[in-house]
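Chemist: Here is how the chains run, residue by residue.
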Amino acid sequence: MTGAMTTATRSERWSGYGLLTIMAIAVVIPFLSVFLASVQPAGTPVVGLTWPERWSWDNYQQAWSVAGFSDLIRHSLIIAVGVVPACLVLAALAGYALGTMRLPGGNAVAAFFIAGLTIPVELIVVPLYFDLRGLGLTNSYLGVILVEIALFMPFSVFWMRTHFQSTPQSLVEAARIDGASSATILLRVLLPLARPSLMTLGLLVFMWSWNQFLLVLVLIQDTTRHTAPAGLGFFVGQNTTDIPTLAAGTIIVMLPILILFVVFQRSFIAGLLQGAMKG
Amino acid sequence: MPSRPPVRPPGTRGRGAWRGYVYVLPAFLVYVAFAVLPALHTAYLSLFEWDGVTLGEWVGLGNYQEILQDSVLRRSVFNALVLVVFFSFVPIALGLAMTGLLARYRRPGMGAYRFLFMLPQVIPLVAVGVTWRWLYGDDGLVNQAFRTVGLDGVTRAWLGDFDAALVAVGLVGTWVLSGLCMMLFLSGVQKVDPSLYEAARLDGAGPVREFVSVTLPHLRGELAVAMTVTTVAALASFDIVYVTTNGGPGEQTTVPGLLVYRLAFSEGKVGLAAALAVVLGCLILAIVYLINRLSRTET
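Read top to bottom, the protein sequences are chains A and B.
The opening residue of the first sequence carries number 1 in UniProt numbering; numbering runs sequentially from there.
The opening residue of the second sequence carries number 1 in UniProt numbering; numbering runs sequentially from there.
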């Protein structure tokens, strides 16, 4: 490394960092602009990037209670709480079997799951509306939860299968010789070791569920039951002029996922990059 | 995918081998019921003319014919392909350029950059769209910046401008995806043995030469992934378009996803919407397949 340092020119290094910093600023500025708009006193005309004369948190109060963002957040959480555990359990079970057992046709089944990685919501949303309406599952969180589980299943199964394939086969063999059943092997031996993988998967699934828009827009037409992104999208259409409240609402919708990202950034980034690479 | 020979372990487990499918079944059922079957149902619906209420009428491939002939529908596919330039080509070019500049060095302080560059990946695209709608507005940051440097004549409502709207939407995609591409490439380049760079320098290779002959060949996998992810994001860009322009002005920024939604749920053309969804799905599948094929045969 030191050799490379001496032969490389310093200017290249600094121009690299300079550009990185410019790009980082380009990422931050939109957030900053929304944030500053959200703390302007209500009723003041807001322009671009303006430092507020007086900091006002009233817009958050306004967005939270009057504009109904507290309900939107609650609905999003209900859905995420339904989706994340179910995804983890189903994916752990399927990934375990597909990753450690020699199932007849197992590879074909795994490929069948992986093929689903390319299904866009657009492709399934039209018949889903009519089918689920027939079952009374439109305007219902259960309907959204079931479809989201199905949508995230290809990645989840794939992720857990990859994890279980990488755990040493000898662990499984040893437990089997001790007479452990396949369920015991999963619960006692493999799952404790899978916690980091499950954790990353849980974060990714939560994020996808939180951010899901089109599906909710179609399946939940009752606006009083909207989730955070759907509510925000709807709110934009209704209130184009009240920038401070809109900005506060935008921040509120971003905040939960932002907090998770700050706390678990290592898992998140590793998951996003590895997930992309493996997928 | 590594294919394992279907060798059965000796002894007892013949028919018992099937028992493992008990574990796969729940995931399989949910996946098939709520993703695979709906996808097939879409294909089936695409063969009918149906308003969603009365009885549908079988039209065979008529809806697909309409997609080829209708200028709005064709326009939406064209727009999606234009968006690929901004969602895919530009971020990848930027990411490669940055990687070229930074590949050779230990990178102290990358943690903070990594956090910032991945940030647009985790927040809802709807919130991204709302944010940019504000930035592009009359009193938004973009116009403010132009006014500050005295270019008042350039200012406009960007998302309402016939010539600028599609580019403006595209640049939102560039903003979202550039960081991801950069991080993918920079993490990929860590696999490169530093001595290769040293050797290249000793051979008198300049930065460009070094990039082409050392860095780039090691990034083939990452490049394929970046192309796949960004292209899919461009073709299925419903969220951003819906909240920024909703397809306007006119049909300047209409994308297939938007039309699927509009045709099925406000215009009562369910069959046509389904056909467009199938076209979109096939387009995505073809591109993903093509990218993976190319990246594999070249290795």
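Hints listed in this document are in silico derivations from the structure and should not be mistaken for laboratory results.
Predicted, not measured: the structure shown is a model, and the values here were computed from it.
It cannot be assumed that every hint is accurate.
Claimed, not checked - Once the Cα atoms are required to be at most 20 Å apart in a straight line, the calculated SDA-like pairs of lysine to any residue come out as:
1. K191(B) with V72(B)
2. K191(B) with R220(B)
3. K191(B) with F211(B)
4. K191(B) with L223(B)
5. K191(B) with G134(A)
6. K191(B) with G221(B)
7. K191(B) with S213(B)
8. K191(B) with M277(A)
9. K191(B) with L216(B)
10. K191(B) with L135(A)
11. K191(B) with L255(A)
12. K191(B) with L101(B)
13. K191(B) with G275(A)
Chemist: For the pair supplied as a hint, K191(B) and L255(A), is the alpha-carbon distance within the 20 Å limit?
Modeler: Violated. K191(B) to L255(A) sits at ~35 Å, over the 20 Å cutoff.
Chemist: Is the hinted pair K191(B) and L101(B) satisfied, with a Cα-Cα distance of at most 20 Å?
Modeler: holds, 16 Å
Chemist: Assess, step by step, whether the Cα of K191(B) is no farther than 20 Å from the Cα of M277(A), and give holds or violated.
Modeler: holds, 14 Å
Chemist: Assess, step by step, whether the Cα of K191(B) is no farther than 20 Å from the Cα of G134(A), and give holds or violated.
Modeler: This hinted pair is violated, its Cα atoms lying about 53 Å apart.
Chemist: Mind checking the alpha carbons of K191(B) and R220(B) for me, to see if they're no more than 20 Å apart?
Modeler: With Cα atoms ~12 Å apart, K191(B) and R220(B) stay inside 20 Å; holds.
Chemist: Given the hinted pair K191(B) and G221(B), is their alpha-carbon gap at most 20 Å?
Modeler: holds, 12 Å
Chemist: Regarding the pair K191(B) and L223(B), is the alpha-carbon distance no greater than 20 Å?
Modeler: At roughly 14 Å apart (the allowed maximum being 20 Å), L223(B) and K191(B) satisfy the hint.
Chemist: What's the verdict on K191(B) and F211(B), does the C-alpha distance respect the 20 Å limit or exceed it?
Modeler: Holds - the C-alpha atoms of F211(B) and K191(B) are around 15 Å apart, at most 20 Å.
Chemist: Between K191(B) and L135(A), is the straight-line Cα distance small enough, at 20 Å or below?
Modeler: violated, 52 Å
Chemist: Taking 20 Å as the top limit, are the C-alpha atoms of K191(B) and G275(A) close enough?
Modeler: holds, 18 Å
Chemist: Taken at face value, is the distance from the CA of L216(B) to the CA of K191(B) at most 20 Å?
Modeler: Status holds; Cα separation ~12 Å.
Chemist: Taking 20 Å as the top limit, are the C-alpha atoms of K191(B) and S213(B) close enough?
Modeler: Since the Cα atoms of K191(B) and S213(B) sit roughly 15 Å apart, the hinted pair holds (cutoff 20 Å).
The structure shown violates the earlier hints numbered 1, 5, 10, 11.
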